[in-house]
Amino acid sequence: MEWLNLIKTAVTVLVIILATNWLFRIFYLDLKRDFSELAAQEQSNITTTRKENETALYRNFLLPLGFPLVTGLGLSLKYKIRNGNFADIWCAIMDLSNKNSIRFVDESRDLSLQEINGMAKYILEKYLSNIQGNVGILVTPSKSQGFIISIASMMASIKYNTLPHFLTSLSDKKLEDISILIIDSWESLTQLRGSERWYKLIIVCESNSPDPTRNYENAISWDHLIHGYKDDNSYTYSPPEDNSDDHKSLLYFTSPHKYTTSFSQGCLVSGVASFIRSFPMGHGLTDSDSLAAVGNFNSLNLSVQIWQKVFAVLLHGGSISFQETVDLNSLRDPTLLLADSKELILAVKKLVSSKGSSIQRLKHQWATALLTEGVFTTVGQLPVKSINKLRCTYVLEHVSDSSLVTSFPKTVPKLIRGQNANVLDSLQLNYLRANLGSRVVFEYYSPHNVMGPIAYTNFYDYRVLPSRVSANFISCGPISTSLEGKLVETEQNPDLEVTKRQGMLCIRGFTIGKPVEPVRLEKARELSGEFGGGEGWMPMVGIFGLWGQDGCLYIYK
Amino acid sequence: MSFLVNFFLGGYNTSKDPTSVNEVSDAADQGSKSNDGPVVEGRFFPRTLYKYNGHDHENILIAVKGEVFDCSSGRQFYGPSGPYSSFAGHDASRGLALNSFDLETVRGWDQPMDPLDDLTPQQQESLDGWYDFFKDKYPRLGTLEAEPGVNK
Numbered sequence: 001m002e003w004l005n006l007i008k009t010a011v012t013v014l015v016i017i018l019a020t021n022w023l024f025r026i027f028y029l030d031l032k033r034d035f036s037e038l039a040a041q042e043q044s045n046i047t048t049t050r051k052e053n054e055t056a057l058y059r060n061f062l063l064p065l066g067f068p069l070v071t072g073l074g075l076s077l078k079y080k081i082r083n084g085n086f087a088d089i090w091c092a093i094m095d096l097s098n099k100n101s102i103r104f105v106d107e108s109r110d111l112s113l114q115e116i117n118g119m120a121k122y123i124l125e126k127y128l129s130n131i132q133g134n135v136g137i138l139v140t141p142s143k144s145q146g147f148i149i150s151i152a153s154m155m156a157s158i159k160y161n162t163l164p165h166f167l168t169s170l171s172d173k174k175l176e177d178i179s180i181l182i183i184d185s186w187e188s189l190t191q192l193r194g195s196e197r198w199y200k201l202i203i204v205c206e207s208n209s210p211d212p213t214r215n216y217e218n219a220i221s222w223d224h225l226i227h228g229y230k231d232d233n234s235y236t237y238s239p240p241e242d243n244s245d246d247h248k249s250l251l252y253f254t255s256p257h258k259y260t261t262s263f264s265q266g267c268l269v270s271g272v273a274s275f276i277r278s279f280p281m282g283h284g285l286t287d288s289d290s291l292a293a294v295g296n297f298n299s300l301n302l303s304v305q306i307w308q309k310v311f312a313v314l315l316h317g318g319s320i321s322f323q324e325t326v327d328l329n330s331l332r333d334p335t336l337l338l339a340d341s342k343e344l345i346l347a348v349k350k351l352v353s354s355k356g357s358s359i360q361r362l363k364h365q366w367a368t369a370l371l372t373e374g375v376f377t378t379v380g381q382l383p384v385k386s387i388n389k390l391r392c393t394y395v396l397e398h399v400s401d402s403s404l405v406t407s408f409p410k411t412v413p414k415l416i417r418g419q420n421a422n423v424l425d426s427l428q429l430n431y432l433r434a435n436l437g438s439r440v441v442f443e444y445y446s447p448h449n450v451m452g453p454i455a456y457t458n459f460y461d462y463r464v465l466p467s468r469v470s471a472n473f474i475s476c477g478p479i480s481t482s483l484e485g486k487l488v489e490t491e492q493n494p495d496l497e498v499t500k501r502q503g504m505l506c507i508r509g510f511t512i513g514k515p516v517e518p519v520r521l522e523k524a525r526e527l528s529g530e531f532g533g534g535e536g537w538m539p540m541v542g543i544f545g546l547w548g549q550d551g552c553l554y555i556y557k
Numbered sequence: 001m002s003f004l005v006n007f008f009l010g011g012y013n014t015s016k017d018p019t020s021v022n023e024v025s026d027a028a029d030q031g032s033k034s035n036d037g038p039v040v041e042g043r044f045f046p047r048t049l050y051k052y053n054g055h056d057h058e059n060i061l062i063a064v065k066g067e068v069f070d071c072s073s074g075r076q077f078y079g080p081s082g083p084y085s086s087f088a089g090h091d092a093s094r095g096l097a098l099n100s101f102d103l104e105t106v107r108g109w110d111q112p113m114d115p116l117d118d119l120t121p122q123q124q125e126s127l128d129g130w131y132d133f134f135k136d137k138y139p140r141l142g143t144l145e146a147e148p149g150v151n152k
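Protein chains in written order, with the UniProt record's numbering: chain A, 1 to 557; chain B, 1 to 152.
In case anyone wonders, no lab produced these hints; they're calculated from the structure. Among the hints, erroneous ones may be present.
Computed cross-link-like contacts, BS3-like style, restricted to lysine-lysine with a CA-CA straight-line distance of at most 30 Å [unchecked claim]:
id	chain 1	residue 1	chain 2	residue 2
1	A	K99	A	K389
2	B	K137	A	K78
3	A	K174	A	K523
4	A	K121	A	K159
5	B	K16	A	K32
6	A	K143	A	K121
7	A	K258	A	K248
8	A	K78	A	K121
9	B	K16	A	K342
10	A	K248	A	K159
11	A	K500	B	K16
12	A	K523	A	K173
13	A	K126	A	K173
14	A	K258	A	K143
15	A	K349	A	K389
16	A	K500	B	K51
17	A	K80	B	K137
18	A	K230	A	K99
19	B	K137	B	K65
20	B	K16	A	K557
21	A	K230	A	K200
22	B	K135	A	K80
23	A	K173	A	K143
24	B	K16	A	K349
25	A	K258	A	K523
26	A	K385	A	K32
27	A	K200	A	K258
In isolation and in its complexed conformation, chain B is listed as follows:
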């Protein structure tokens, strides 16, 4: 009805207000943004990293050697039902060092962080190679640190 009224009686249709700021979550916690807002680069804890697994949040973040990378562009590998999906939202260092995709190589968000101090020189070399690969291919978003009271 509004169009005909505007057409014959004068008037116009106004669009929605695009400047409204209400729809974006205002959560203050690092890395715990709602799925609507962008991921904040900086410090991540295993707990805050966990949700970036491509399923609970569209972004896929993976930690390697204490650094967090945005691997969203590699969704076919790290996303849900991808071959390396177990790494998404986790510290993948041990799995990469052992060249293993087993779930046992990644720790849960509520467990102590993996110190990686038992790796053999070959495994360390393998991990360093993977770290260089991630550093060259994916944007670095921050660091992974143990959360007081949860991981230490």
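Next up, chain A with everything else stripped away, as it sits in the complex:
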């Protein structure tokens, strides 16, 4: 009799557990899930045809086939629609300038946009209006001087055709286009070792005076540069009737491998529009957003990549804060966070070890279980005040061999596995989601020739992929809305079959830069003709991947 009771009790408990699980799944998980399984499986629109040695074309699912890619801001010019340019963006930002401000790494207070605009306009008219050539910038935009001089030069890109030229290191060869050089200290000036004569003006972003023992005729300090500026909250811009400003260049970028790439105004506006559109309904940018861009962008060669997000947030009246190191405790209550993937995971692990407790571990376990069911939760968020408001974190990852991609070699290399072994996988992304209490978007960059991400994961995609996928692939998400992509067959990699959706990545769209050097431009043209049939495709040499059945791009590790 006792045995019978025991069995009855066990069966009752089992039935209750199964019923609870079923009820929880039906009435909680299915109703709270952000992303249905169907949506997760259909993240791209795929053409129904393909060329013989290529896969079909893949586009972000936000862009139906037959519709154009995201080209810009969609502004009106009489009865026409125009894409816009930097001046349109800055003009709109200054209309909201009483709302927002920027905190730089070298300032102990926020700088208002009136101050930034006042300084930039002063530099524009006093120094850039009558100069032939570009402005070489070696100072990170996370410093006030680097940001302001970049804005002034971008203003000049429209008004005087003088461009900001972002550099990653002091060049030992003269870059012919640069007339003004911006460096961070007088010490750096001494390292120029005579090359200071190449420039008409050198601006040293340090307040104190130069070494009195040396005479630098063409060097001035930052304080001297902006002496006499006034706060200014207006920036007016009227586009010309022929809309020629939209087609101008915006900036040059020279990579550590000494390849210079030109990015157009279209790259900026298309990327800004694409970023704004990436937010799902109900989560769009607002004036209460604050973007924290953390990390040393110059050392990461990402100084060109922050502008689209910075401008998009400022356009909505939000504010920006820069931070040189990824220290989550010292964030200033951001709602959006932009950081390098490897630096961020280290910072979060450090924070977890310092704040770790058994309750926190339990909360993290609950959050992970819910996230992998597609339900977002902040239950596992670390008890750190500075991340309380965080709602989305952008994790930056870039191609393993950028020099190969930007050199446009005639011979495509063979795929070598294991080059990207340390890239974050989907489980680590959920680790970040659970601990930060924030959505995490993984962005895959080719930082030297594409402005903005090539591909990024969906805001709502919290899937944990099987370990064999994480071991073999970087899960990049669908292609950005400014681009479309295809994979092509290469002679050197016959084991990658286009019929199995494998091959070398080619992209086409509006955020791709153009090589400045004539030789490299010709090589790019030849390569594009070989792999894209001359239809504007940019082969990403050395980036081999696979289109997932979910429409996402998976790059071989």
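Since the structure of chain A is provided, determine the placement of chain B on it from the hints.
Relative to the frame of chain A, chain B by itself:
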């Protein structure tokens, strides 16, 4: 059960493997892909074109003057029960030249290809007009050629 186990005992749910390559057909024949894979642009034969009629395959391909166009976006005209459905998956040149939608104007996939050498100048002009229309409106996918042993 798995969710409660994960929730209380730790663990997580893994999604399906999206990188599996097994579900796509590996057929090597031009234009003879399964309905799952994209249509390969290039050379088509009347036999391989036939299935792209909007019924046997969701794509609708039509050949005009030896060139194959993807008319899938014009499904309301060329798709099943559309007014020009007889053209789908066929060489529609004669029908367009004669402005006729009769089934007699299109040939079966196992018949010799229509040489169109008996068209009058007016009919040729009409065909050229339609060809320009298709070229401007629909993506060109390749050429239609006679299959050795079947159409010649």
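*Are the Cα atoms of K126/A and K173/A separated by 30 Å or less?*
28 Å, holds
*Does the structure keep K99/A and K389/A at a Cα separation of 30 Å or less?*
19 Å, holds
*Would you mind confirming whether the straight-line C-alpha gap from K16/B to K342/A stays at or under 30 Å?*
Holds: K16/B and K342/A sit about 26 Å apart, inside 30 Å.
*Pair hint outcome, K137/B versus K65/B [Cα-Cα no greater than 30 Å]*: 15 Å, holds
*Holds or violated: K16/B to K557/A, with C-alpha atoms at most 30 Å apart*: 19 Å, holds
*Does K159/A lie within 30 Å of K121/A when you go C-alpha to C-alpha?*
11 Å, holds
*Can the restraint linking K523/A and K173/A be considered satisfied, given a maximum Cα separation of 30 Å?*
22 Å, holds
*asked:* Given the hinted pair K349/A and K389/A, is their Cα-Cα distance within 30 Å?
replied: 20 Å, holds
*asked:* Check the hint pairing K385/A with K32/A against an upper bound of 30 Å on the C-alpha distance.
replied: This hinted pair holds, its Cα atoms lying about 26 Å apart.
*Quick one, are K135/B and K80/A close enough, alpha carbons at most 30 Å?*
27 Å, holds
_Holds or violated: K16/B to K349/A, with C-alpha atoms at most 30 Å apart_ = 28 Å, holds
*Measure nothing beyond the straight line between the CA atoms of K230/A and K200/A; if it is 30 Å or shorter, mark the hint as holding.*
25 Å, holds
In summary, this structure violates none of the numbered hints.
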